Amino acid sequence: MKILKFVRPIMVALLSLFFVFSVQAQSKAVTGKVVDAKDGSAIPGITVTAVTASGKKVTAVTSNDGTYKVASAEVISRLVVSGVGFEQQDLAVGRNASLNVSLTSTVSSLGDVVVVGYGTQKKKEITSAITRISAEEFNKGNINNVAQLLQGKVAGLSIARPGGNPNEGFSIRLRGLSTIGANTSPLVVVDGVVGADLNSIDPADIKSVDVLKDGSAAAIYGTRGSAGVIIVTTKNGLRGGTSSFNYSSQATVESPVKFTEHMDAAQYGALLKKLGTGNNLGSSTDWNKAITRNAITHVHNLSFSGGTDKTTFDVSMNYRNAEGIAIQTGFQQLNGRVNLTHRALNDKLVFNVQLTSTSKEADLGFSNAFEYATIYNPTAPIYSKDPMYDLAKGGYFEQNATEYSNPYAMLMQNTNHQTSRKINFAGSVEYEIAKGLKVLTRYAQSTNNSDINAYSPSNAFIDRGFYTGATGLGRHGYGWKQADKSVSSLYENTLTYATKISKLDVNAVGGYSYQEFTNQGLSVGGGNFVTDLAKESIGAAQDFQNGLGSLGSYKNGSKLVAFFGRVNLNWDNFAYLSASVRQEGSTQFGDNNKWGIFPAVSGGVDLKKILNIGVFDALKLRTSYGVTGSLPPQTGLAQLTFAGSGNYLIDGNWITTYGPNQNSNPDLKWEKKSEIDFGADFALLNNRLTGTIDYYQRTTTDLIFNVTVPSPPALYNRAWKNIGDLEAKGFEAALNYKVITDGKLTWNTGVNYSTNKVTLTRLDKSAGSYIGETNLGSPGQEATQIIRTYEGGQIGTFWNAVYRGIDANGKYLHDDGKGNAVLSTKTTYKAPIGNGMPKFEMGWSNVFTYGKFDLNFFLRGSFGHQLINTFRTFYENPANAAIYNVVNTKYFDPKLNDASIFSSLFVEKADFLKLDNATLGYTIPVSSKAKAQGVKSLRAFITGNNLMTITNYTGADPEVRWQDGGNILAPGIDRRATWVMTRSFTLGINIGL
Amino acid sequence: MKNNFVNKLFIASMLLVVVSCTKLDEGPLLYDKVTGDKFGGTDLELSAAVGAAYSNLSNVGGNGNLFALNGVTTDEIVVPTRGPDWGDGGHWVRLKKHEWKADDPMPGGAWGFCYGGVSTCNRLIATLQGINSPSAAKYIAELKVLRAMYYYWLLDWFGNVPLSIDFKNVDPPKNATQAQVYAFIESELTTNGALLAKPASVPDVATYGRVNYYTAQAILAKLYLNAKTYTGTEQNAKALAAANIIINSGVYKLSSTYAENFIQNNQGSKETIWAVPFDRIKLGGFNVNMMTLSYLNQTTYNINAQPWNGFASTSEFYNSYIDPVQNPGPTGTVVGLDSKGTPTTGTDDKRRRNNFLVGPQFSSAGERLVDNGAEPADPDGKPFTFTPYVNELEPNAWRQSGARLGKWQFVLGMTSNMDNDFAIFRYADILLMKAEATARIAANWSDPAALAIVNQIRKEHGGVAEWTTMTADQFLAERGREMAFEGWRRQDLIRFGSFQSARLFQSEGAATKNLYPIPATQLNANKNLTQNPGY
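Chain order of the listed sequences is A and B. Under my numbering, think of the first position of the first sequence as 68, with each following residue one higher. Under my numbering, think of the first position of the second sequence as 12, with each following residue one higher.
The shape of chain B in the complex, shown without the other chains (with noise of 0.2 Å):
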């Protein structure tokens, strides 16, 4: 009897166990995770993961993307391998010398962060279409708008790109034209862009850091002016007429010094058009202090971290502001393209001023730094000089060799993540788009109208002599001397025939690496890609 009962109380407790527990839904036990089927519920929500398309932006304030891609290779540039520091594995140089190939990670990481916007896009396109509601069109217009400036930048970088557009579709896409690319995005922004917000005045609070109205005809003037680099076609009217739209608002106009598009607390600019409103808490990621600045530089503005000593310009992008000739202009005191950096009299464009840091470098408390490991060929030995000459691109770049990118403000006790915004459009460079086109259309580089506005830069921006003729190659240099680390060089070589030539650390390349190749971890995973020609 006794027994019996044992026996059943077991036998019927196991049972009861059992059965109750052979359920394996992971959704309870997912504490802190965000489950995808569930998200995007509530009106904060939605806010939210709009968010999520923009904040992917913070990725243009690091080293790939635009600073590699469209600075590093070119002449505005270049991180040189500093002995045992900056070497991995020859990217850098790589991409200095034109002889990327699929595998490197700059292409890759570009590549991820466009289609990371583009697919974020889609999905609430997709989620906000199934809200009928008036605010939700707006959504998804302004969410196309940003889904053409990624696709703008994978035209630009990689060409022959795949138009995914359709978040319903689940097939791996296959490569699209260029022109097909070209004539997505020109359709997205002119039936899109029209139903956006139309600031009356800058700053606009409420769509600042957002696409406007003025932010796509700004894409549209870069994607027209370098229309035949896309297309085979120029396409310069249009180009001109959708820079005319922004300048004729009124809205815009350019700034009174050209530092305060640079400062810290540059929200206020009323050049900007669109910005990325980087923050050192809220949104982190611009730090081209730490890419550019040597670690002994720590001290001189009392960092929270060490900087890296990576990136730096080249002497002759530097020179490009100097020469007289190139650039004549009231001359002054500036440090000179030899070894040591030994002061020189040059033009004192006001522009060099705030993009380059030059010459000794001393600690907030004003001492001299030094740097105890220099190189024997170090010539100025131990004091530590930043010099726009840069003895080698590898091996053994000087740690000191180097104008740093001193363009956005850097501030005494500033994190490793600046706070400076980073302007993707800028009314100077519309400006300048439009003096181009103007030009391009009159076949004409002294054409007056383009000349007075080149003119307007050089005297309100550079503080330099105004030109009574131009010449296609001097437009360029003032371009470049203008837009400096902005992300536009790599375009307006190319526009003007220039990007494979031959130059400082880089001999002529083939035409082909106009475009980045389709990385290779994107093929494999894909098999319906295929790669761009010549890689």
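Just chain A, with the same shape it has in the complex (with noise of 0.2 Å):
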């Protein structure tokens, strides 16, 4: 018990401090409420048993409207709050004689409540596609991120990272793309702030994440709802006296799975001699496992929470130690975070208050040097004192060639440091004016302050992954800084009554909401240093005195201003009517447009309650309609803009020209997406088996893009504007069966599966006949267009040439359209050979727990996507031996005598499926002398993440790839700068006290 040794001193001091809230007291009776914790609602038929110093028992029950009354000839000491569907509590009796107690829900069944848009609502009511996934059901082991925990979870919510990078975020997608515009990933909220950052919370405080996947539950976010929203709730404290604290802590092992296959120095030295090219320098190097390394990762998680009967409270410290695979990476975070909430005038007056503070030191490292280690000559010595090789005089082997460095020199001797800082401010006030309606005042702050330093030293050779176009021998130092802060401010108000007219519960919410965003930034670069001894001073670079510096700022903002309401009907618990509207506008849009109207409806019925439908313990059937807005992607797009256009010699002076480089567009407006669901939610074998199925149909109107526009007339030629449509169809299951409930062993199983095809059915004629073209790339297939979105197609068609094979000279056949195979350089004919989107997607969980071993398992798998192997398109031919390794998958063919021409040859099928992780936990029995210290819970556990993968894909990692860059309508390409995927285990340990 070391860790106890260690944690119970700052447990006496801690403890101290809440001394306040265990104060003896005296009572033969006692009067409350006992209500929700989740929505503070009143429960009735709640067991409240009194207990006295001598043990004897009194029991009451709760009224319609929560309150007990419990009486006893002798002192109350505690009380025990037992009901079904709830967990029980076990509070001391306050001297006050009046004992308000919260209650959690146990039930996952239709009783369950979930978090809508401004407000709950209790599961069997809602009308729309929600889904709930609480703790106890997030991803488990090696998670430094939010969208981590959710990862396969949630039917239609796609979440994705291909490598292992630990400072790289994950690509989140609702049912697919739904917009163009600027919120392609879903819309946050965190216990009401809007607009939330996911990475400003950490995992270990988040105590359940609602999705709202479809139009209607979306609407009332408006002009942001379009990709759905996800809505976070953070831990609080329970009222009624009790306290507890948790510590957690966990070590993790990292390490690579696979690298993109290619020749060692053996076969590489056998490829050269045989084609008598090239340099063999005759030693040996695995650059791949020269770069990487088992990289360790610590987490430490302390919190404590509890309450008065008026004050409850969850404070919380994070702290994440995380190495990266690659050499010389990682991030060093602490998090805190209080969350409080005080009660007064009778609970009529809420004040709530959430501060939280993220804190990160983070080495960036070089996503190029995984591109590099594979390319690399394998024959080369990692370091060199040869003249001939030790080019950048660092004593690193170099080629002076294009492209690509040594990647272990490029880790090992160049620095990228980033500095990161979030701030979130929260309070909100609500107050009771009168029964059932009261008014709610929130304002919210959120600050986020990057900074980046960056420098590669005069030893060094420059590569063109490092900041800017500087490259290769001779720069005598290049260091770049950049600093980056965002600033949003929220203040909502929102008036809610809930009243009841014969058997129909009316809940209705009004509001107004303001939103302000603001960013700026200033980077500098500059090359060519006396000297790297003090490289965080870039103003000794000489590049500034000869005018070669670099320095860049920016600064913009935007406003939102929305008016929603929402009512809520539930007649008898059997009919169910939802009808929102929000009005929003925005300073992005053209002064035509301004404002939008976001409305929907919804509507369910419970089949259970008026039809003798025998096996369905419930059974609701529901339909949906709503509208949601997308933003453009960046502000001022509706102006006509002038910005600096280089200098010119007017009457023999020097002046900075200005002309203009965007068109105004007064009609530039929303993205409009209208979207119908329709879904079932249902309990079967005594509420054992749940699930809940939906499909739905998506359009999205007025897509915002930069198309070309003739010029002139306009003065630029380039305008955003509203120019297509997207379509989108989905079907969505959930199914969670307790397969064995009862004694030792249980076993609770869950599979969720999800469909997408998103099409674009309209693109107006000024954008061309297909948007979102993307390119391979350097070298030398810079023009090489490989994905395109057309009229009628699957966004992200890739669209190129369809190989044929090679002929006996080893040149590229490519088919001509006529089903001939011909030269490539025969034929221009180009086809769709592919699509990078998942046609399905599914997760699978098990939940195990035999006495006090707890097993689960989650399977993760996406099916039917195309991944462009970008890797094999520059690198598995021969002809380009001489200077990089070649790519050696099983497509790999010596026979190729032919320049890299992309095809159809290297688009290939990347369906997978993933062990994405295993738990093992042992529930610690806690000894009677623990327990007398005060331990209540000891749990150990060992995490396995990413066991195993099932694919065919031959690159290093089959995900999916959402998005290439910026560039969101070009999904499936396996770019070269890309982390390898990794496998962890971690061991961790729980105590509660």
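Just so you know, the hints here were simulated from the structure itself, not pulled from any lab data. Since we're looking at a predicted model, the values are computed, not measured. Hints should not be assumed to be uniformly reliable.
Listed next, the in silico DSS-like pairs over lysine-lysine satisfying Cα-Cα at most 30 Å (straight line) [claimed, not checked]: (1) B:LYS281 / B:LYS264; (2) A:LYS897 / B:LYS264; (3) B:LYS538 / A:LYS897.
Computed, partial: chain A to chain B, Cβ under 7 Å [unchecked claim]: (4) ASN346; (5) GLU497; (6) GLY539; (7) VAL628; (8) ASN784.
All residues carry an ideal CB built from backbone N, CA and C; glycine is no exception.
With the hints as a guide, bring the two chains together.
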């Protein structure tokens, strides 16, 4: 119990702070109210058992309004509060003889409560597609990011990060792509704060996540709801005098699973010999091994929570120290959070304050290292003193070539450090004006700061990937500093009203929302230093004296203003109806179209109430329709703007010239998505089998895109216009089955499945015959278009030549469109050759408990998507062996004797099924001695992440690429500068006090 | 009572904020943007706006426009596919083979470059017309001449381009005929050219980099000399007259050496009629060094970036300098045409020395450059040698193959943006135009006046033998030697009827390829446009 020894003194100190909550008391009668912890609603029928000091028990049951009164002849020392579907609470009785209790529900059938926009609803009342994931269902193991908690858990919510770069974010898509504007990822709402940053919360602080999937549920968030909404609820304390302290700690070892297959030194040497080319240097270096390691991550989470009758709190500190599998990479993050709620005026007035601060120091490294490690000469040594190869005089082997450098030296010599600080403040006051009528005012502000300091010393070979275009040898060092800051503030007022008219429950909410965003930044870069010793003193770069340094800055801002309202009706827990509308305006739109209206309506009936449907314990059918919007990707796009366009000599003097760089479009308006969703929620076999199915169809009109316009008459040849429509369809199902519920062994299994297909149904002629095209890139395939999205086609269609083999001379043969295989140079025929969007995705979770052991494992898969394996397009070709190591997958053909020419040969099916995580846990019995010292629970666990992948894809990671850099219309490109997939094992312990 | 008070407080505070915060004007939030409706109010802003019509010219120094459309498509330049480098979807090869398409990047880029300039000129002319002052009138004339040059390039490249000259007309424009565009350019230059400054001598600080009276005459001379291409009717007398205005002014003269026109600080050249005043810091964009040099040459010149090893000249073009039959004159040792670039004896034209970078390559410290990735077939192996010989156009041209475009002086410590100014019109060009117009009027290529001019250039710039007679082909080759890579080769070949002839890496092409296609993006964006024939 070493940990305990360490923890105890801290605990004593901390608990003494809250000594105030455990005052001795004497009461013979206790009254109070029992409410649901989730929404504060009264719970009738709860058993309240008063226990006297002598052990005598008296029982009472809460009435319809949740109140109770329990009286005894002796002094009551504690209350046991219990009810079906709720966690039992054991409370010490306070001096006031009045004790309000909030209970947390345990049942995950239709009785649950979910968080919706601007409120909560009972799950049975929900008439739109909403999925709730609570903490116990989250992914486990080596998780440092909130998105990771949900990966694969929600049907229709796709979350992916190819490779294991701990400093890289996840792409998140809900029901595929529904906008080409700003918000392709779902809107995030944290404890009511709209537009929050998912990375500002520590995964350990989250209680539950609700995902609003359809248009109807998201419409209350109007302009940013098109990609769905993720509502995060963080932990808060419980009322009623209890407090708890939790400490958890875990350590992870992470290692690469697979590298892009390439030739080793012997194979490469033999190939060079055969070709009579290149440079066999006689060493044998596995560059991928050289740049990677077993990375160690450790995480500590400390939290305490609790509450009196009036005040509840949850305070936590989280520390993460993660190494990346690439040498010299990783991060350290410290996150602190305070969540305080205070109730006054007989609970009519509720104050809430939340403060969160995150501080992160990250060594970002350089993703290009993974590219270079694959293609760098494996016969070259890592180090060299030979002046012919120690070109940069840093002691490392370097070659005077473009496109790559020694990847080990790259990571060892150059620094790329990011410091980020996130501070969130949120406060709200809620007041009950009259019975059922509450007004709430919320103000929240979040600030994100990021500073990058990067330096390449004078004895390094500066690579193209190093911040600016200055490349190669003899730069005498290059430094880059960048500071970015964004601030957003939210001011909201809502009025809610709940009442019951006969059998009709009415819940209404109305409100006003005002939000402001400001982003600004500064960057500076310069080279040619006299010394590397003061690398952060960038003014010392002699480039500035020669006018060659670079300096940039920006600042932009926007505002959103909205009015919204919603009414929920519940007729006798049988028929449900919900209708909402949001009118929202943004500064980002043209003067003629500042405001948009986003209505929604949905309804459902519980058939169990009227029909005798035997096997079903519940069967609710629902349908919904909702309109949501999407903002343009940047600010100022509706305006005619001028920008500096170089200098020119005017009367012998240089003057900075200004010319137009964007046309105005006063008609620029919201992208609008309308969506119909049909769904059913059901429970069978005494609620052991529960499930949800949904079918949806969504149409997005007025897609915002930057298109060519004739200039003249336009001042500039590009303008942002509303130019097209998207249509998406999909099916989603989620089933949960409690296979074994009784006895020592329990088994709970859940599966989710989703399909999605997005088509561009209309494209304005002004946008050309296709949009979203992207090129393969350097070397030598710069103007090689590989993806386009055209009218009638699916988003992100791979478009190029159809491979038909190689001829006797090793030349590529392509299809000529008439079914003939002809030399690639003799045809320009191109066709759709694949697509990067998955056809369906699934997740399968299993939870077993056996006595004190628990085991869970989770499989996750994406199917039907393809990837363009860019490593192969450039390097799986003996013709390039003189300069680059050769990629050597099963497709490698030594007879090939041609240039690198793209075709369907490089498109691969990338269906995969991963054993995403598996955890074995053991709840350690707490000895009576430990119990006496206050230990409540102890648990140890081991988790493996990414234990197994089944795929035919030859690249390093078959994960879906949802976008290509910033191009959301180009999914499916496996770019070279990508980290490889990793596997990790985590050992952890949780202590509850 | 207490509750009432709290209620009122809440509702009042809410209403206050709601009422005040529904304004959505983006103007105050455009912190880092210059909006069009506000710009141009001060004199400095106006100068900056006028400057934008010129700074657009920095595009002539990049790998598109003049170098791609007027060079790569001729015998001057080739961009071979060098194994993994420069394949780029085949568009460089298509330029060479005259197989370009409407959606290829280079014609599209050139259209954007020219109409960007036209559009800026239109806007400024409209703005200045609202200002009733003599200086505004002068600016207007200058912008109209500059716009005429953008239109001249458009006419030369695309032919039937829209004449969008009225800033207030917002309808997507229709094509005009070549004859209409020709007539517009002619009238604009004749009317407005006369209003421009006439420098008494060069270099003239006040007008350097900008169009002047003589620039307008130079554009007219080009227009007239090529009139048959554009309208079917020759205008050689007019071409001669325009050239004579420049020549007879006495302002310009041939520089004493050919090289001084292309040195790093060439702004003092007496030959420059109009140059884009490139500068590594002030006006970047001239990067022929990056286009043509090998990445190994970074250490030859200690450049701040690795060059791209693309553009080269052809052995055919190089040979027109060293072949004693084509170019008689004193001989010397020159890099030969074989696959190793073996030194041989050939005509030692001074312009060859200036225009090409060939032979063994060295670092700035004098060490021989070595290419560790030399191709198996590379006959001289790893030592790095630029050879005029290019083994193939695609797919595996050796990285060392091709004489490099060394015309504009490379200096130690240069950056990826060169300082050398790029002359759009140079006095030698005017002289050669005069010679050509004279010969064409006389219907005699050996006309003494024409021959005298050509011999003056051969002697003073090339240091090669004077001719006693001359043929059309010889004249064309001489123009090629003198004007190499300066952006006129394509129209010269068209004028002499040989642009579509078969030559190295290019088979005979269709006459419709004398015009580039109107870019597909423009056809998509503007329903009123019609594509050129043959595309």
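Numbered hints the structure breaks, given as an ascending list | Numbers 2 and 5 - these are the hints that the structure violates, sorted from lowest upward.
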